[in-house]
Amino acid sequence: MELTDDIIIQAPKDQVYAALNDPEVLQRCIPGCEELIQHSDTELEAKVVLKVGPVKARFSGNVVLDKTGAPDAFSLTGQGNGGAAGHARGGADVTLTALDETTTQLRYEAKAVIGGKLAQLGSRLIQSTAKKLAAKFFKSFAEAVDADVAA
Amino acid sequence: MKDDVENREDRVANLKGLGCSRKRVEDARFTQGKGNYVDDIKLDGMIFGDFVRSPYAHARIKSIDASAALEVPGVLAVLTAKDLEPLGLHWMPTLAGDKQMVLADGKVLFQGQEVAFVVAEDRYAAADGIELVEVDYEELPVIVDPFEALKSDVVLREDLVAEDGSLPDGAHGPRKHANHIFTWEAGDKDPTEEVIANAEVVAEESMYYHRTHPCPLETCGCVASMDKVNGKLTLWGTFQAPHAIRTVVSLISGIEEHNIRVISPDIGGGFGNKVGAYPGYVCSVVASIVTGKPVKWIEDRMDNLMTTAFARDYWMTGKISATKEGKITGLHCHVTADHGGFDACADPTKFPAGFMNICTGSYDIPTAYLAVDGVYTNKAPGGVSYRCSFRVTEAVYFIERMIEVLAIELNMDAAELRRVNFIRKEQFPYTAALGWEYDSGDYHTAWEKALKAVDYEGLRAEQAQRIADFKAGKTRSLMGIGLSFFTEIVGAGPVKNCDILGLGMFDSCEIRIHPTGSAIARLGTISQGQGHATTFAQILASEIGLPADSITIEEGDTDTAPYGLGTYGSRSTPVAGAATAMAGRKIRAKAQMIAAYLLEVHDNDVEFDVDRFVVKGAPERFKTMKEIAFAAYNQAIPGIEPGLEAVSYYDPPNMTYPFGAYVCVMDIDVDTGVTDIRRFYALDDCGTRINPMIIEGQVHGGLTEALAVAMGQEIAYDDMGNVKTGTLMDFFLPTAWEVPNYETDYTVTPSPHHPIGAKGVGESPHVGGVPAFSNAVHDAFRAFGLRHTNMPHDHWRIWRTAHELGLHA
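Chains L and S are the protein sequences, given in the same order.
With the UniProt record's numbering, letter number 137 in the first sequence gets 137, and the count goes up by one each step, no holes.
With the UniProt record's numbering, letter number 338 in the second sequence gets 338, and the count goes up by one each step, no holes.
Treat the hints with care, as some may be off.
Stated by the list, open to error - Residues of chain S placed beyond 12 Å of chain L at every Cβ, according to the derived structure: (1) Thr-80; (2) Lys-586; (3) Gly-721; (4) Thr-727.
Unchecked claim - Once the Cα atoms are required to be at most 16 Å apart in a straight line, the calculated EDC-like pairs of lysine to aspartate or glutamate come out as: (5) L/Lys-56 - S/Glu-409; (6) S/Lys-324 - S/Glu-409; (7) L/Lys-56 - S/Glu-131; (8) L/Lys-67 - L/Asp-5; (9) L/Lys-51 - S/Asp-549; (10) S/Lys-23 - S/Asp-549.
Worth flagging that the hints you see were computed from the coordinates, not collected in a lab.
C-beta atoms are modelled at their ideal positions from N, C-alpha and C, and glycine is treated no differently.
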């Protein structure tokens, strides 16, 4: 499964980058996120409740960040396990481009492979669900960053 | 029977015997919701078991933690391989001479594999418990391609590799690679290769007969009840072979066979899916022994499609040689058979590739060679005969595709090519190059009848016009004429070469005539929709002269029925049907002595006439079978025991060889790939016809499953070993919407060795139907250069074929 999109965020690039690395912001914005623990600068652990079609499960997973391209880009890879519901692993490349001093374009390219019941039952739903979740995340994220800017 | 019926025709009609389209006696309960299926069984204190299944196709199990699951209210126990190991039940033997994990023992080999068995007070608690069993998996490389499996360093079955790295022989001889199961050969390799090398014309083709699944409406399930007071185990279940299941349960559990009672209640379709022994049965029995309570296990649809016996998955490569005139001289076939993680194929022991060596089909092919390599992959085990005799549908698909490809190579009409090569009527009994002795056949008569019925020449003329119109841009539709001529090999089988787990494949019938002239007959088979209670009573009615309506047929209870090997591979009529006739003849022989005594003549002075014995030359002097039955119980007849009972165990001298000629006419929308089957003609020759109405129903059902397999039904895996078609959203099960109208027809060539000449029919339409549908698709594109494209021919694949042939330009 592959997902690609562009988002325009009304905030300077540095601020967007900082928000992307702020566990509190992320936890607020990730749909269904119950817990996000930062183990180190580049390691996160998350618990997320996800519903794909008839499958609903609590996924626990680890995410590793690669910040060598900061603040123009960063990558993340991760894997999650939802027990009987299945499992997923994947990654995303995020690039940030300053369109002007207060506007940033965020572009992401994500790839994921899924297995288990999710893959069997959800194959026809997973792409649309993932798109919806990503859209929800970035909508919340843009709002959160905008709010921070306003504040 | 009314005693006043004297007209002979009326007396025959009264019996509702052979040839009568008697209404199915089963349907009164089935159509009123009064069937009794395994899930209808509800016992006091019954509890439920269900599986934690592996989400991975290949993984090592590092740990299993059931503590959270055991906290769930209602969850009673969680069984793992560790619990079964002390009982020696963590693995079980398969029907193919391999062994299979009952619960994952250190690793999993396919997605959906049984990892733990959660036992709970109800299904809901079991489902909640399953969610909370924590299994720590370490993913291993997944192999879903059998060709890759034979090259890979990844060993799927470490248990089959010796400590020094060598490969011990498998159940069918030497193994070439850790993931290799067997090589099985038939025929003459060198002479075949020589004939092909020197032939005037050779056609070669490779084809994949995709993995699919029988998908009966009722999934597999059982109820196990261990009575600890009297030490008896009762096991109800969806078993196509209840007696064999009893023996298997006894052998692997150590419970003596007389303490086990296996009951197959009504079964909602089997089609091969319910032949094997599954972990659910073993776990239910163990759970019942552990808890002392009856335990029910019923698969859901995903469990059924993902884990219990699949069908097909054969990669077939063929070479067929002929003279320029089209006379076939040789056939070479190689199969790479994907058996999944365990070899659990349901075949007679000596036939690890079933009767694939019937792949010379209906043709007089002097030289042939077949080799089959079985391979392990990370897929579910199985390999059952989905509505066909053992691997026969693969064999018939192979030869019927090879014939079409050869016709292209020869630039010859495919109907004519078949005509030139059919085994001729006078050649029967015919011994084929790969060893089988065909008992009877009259292929040319059937073929000409079929071609005439559909106006074959007219169809070809119409097709030529359509092609011209298409090329002229007047239409975007093409027309395919799908031909298929098949010979089945059913009725396994002679004990001399057919056994399963050492049990000879005879079958049986036991008859008791009641004093008032009605009867009960019990058989070793079990109906799953075939209508045994109707048809076996008809066989018996004609044999013993009592009306079918006065005869109860009972099957499926091992405490009451005689031992038999069950119902699959169209064996019920050829084997148990023969046993029924033979037991009926024993009844008749005793009845003859009783009649002679009552009529005060010598035994040889009376003869059987429909429903009575008459004095030869004096037909007004007679005793009806009803009178004889009463006399058997109320008169002391010198030299004759009271009662009227008989039993027959029938070991068939040969298989039976039903055959048929099918024609499918299909229109294809080139731009959408949508197919319209405008005509389907099916001529079946199943020998003596017991009940024409039931035959027609069987043919409709078999053709519909052929439509499914040919046109869309498959079990598909992705590279990670995920089952992509695990629900009926993705797995094609035809409904009235997709099913075309079928025209049925017949010829009658009785089997010379079967007591009533019957051959079996339930599976023929599936075997013959798949190539008919597939050949229609191929034929539509033949004029545009298509030689072969793999099934299933769903709309997308047909569209792609048209696209690749440049028809969308």
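Structure-based check of each hint:
1. Look at S/Thr-80: its CB is around 15 Å from the nearest CB on chain L, clear of 12 Å, so calling it non-interface holds up.
2. Non-interface call for S/Lys-586 relative to chain L: holds, since the shortest CB-CB distance, roughly 54 Å, exceeds 12 Å.
3. Residue-level check failed: S/Gly-721 sits 8 Å from the nearest beta carbon of chain L, not beyond 12 Å.
4. At roughly 6 Å from the closest C-beta of chain L, the C-beta of S/Thr-727 falls inside 12 Å, breaking its exclusion from the interface.
5. Of the supplied pair hints, the one linking L/Lys-56 and S/Glu-409 is violated, its CA atoms being roughly 55 Å apart against a limit of 16 Å.
6. Between S/Lys-324 and S/Glu-409, the direct Cα distance comes to roughly 10 Å. Compliance with the 16 Å bound is thereby established for this hinted pair.
7. Our distance criterion of 16 Å between C-alpha atoms is met by L/Lys-56 and S/Glu-131, whose separation comes to about 11 Å.
8. The hinted pair formed by L/Lys-67 and L/Asp-5 fails the criterion: a straight-line CA distance of about 20 Å is larger than 16 Å.
9. For the proposed pair L/Lys-51 and S/Asp-549, the alpha carbon gap of about 57 Å is over 16 Å, so the pair is violated.
10. Using a Cα cut-off of 16 Å, the hinted pair S/Lys-23 and S/Asp-549 holds, with the two alpha carbons roughly 10 Å apart.
When held up to the earlier numbered hints, the structure conflicts with 3, 4, 5, 8, 9 and fits the remainder.
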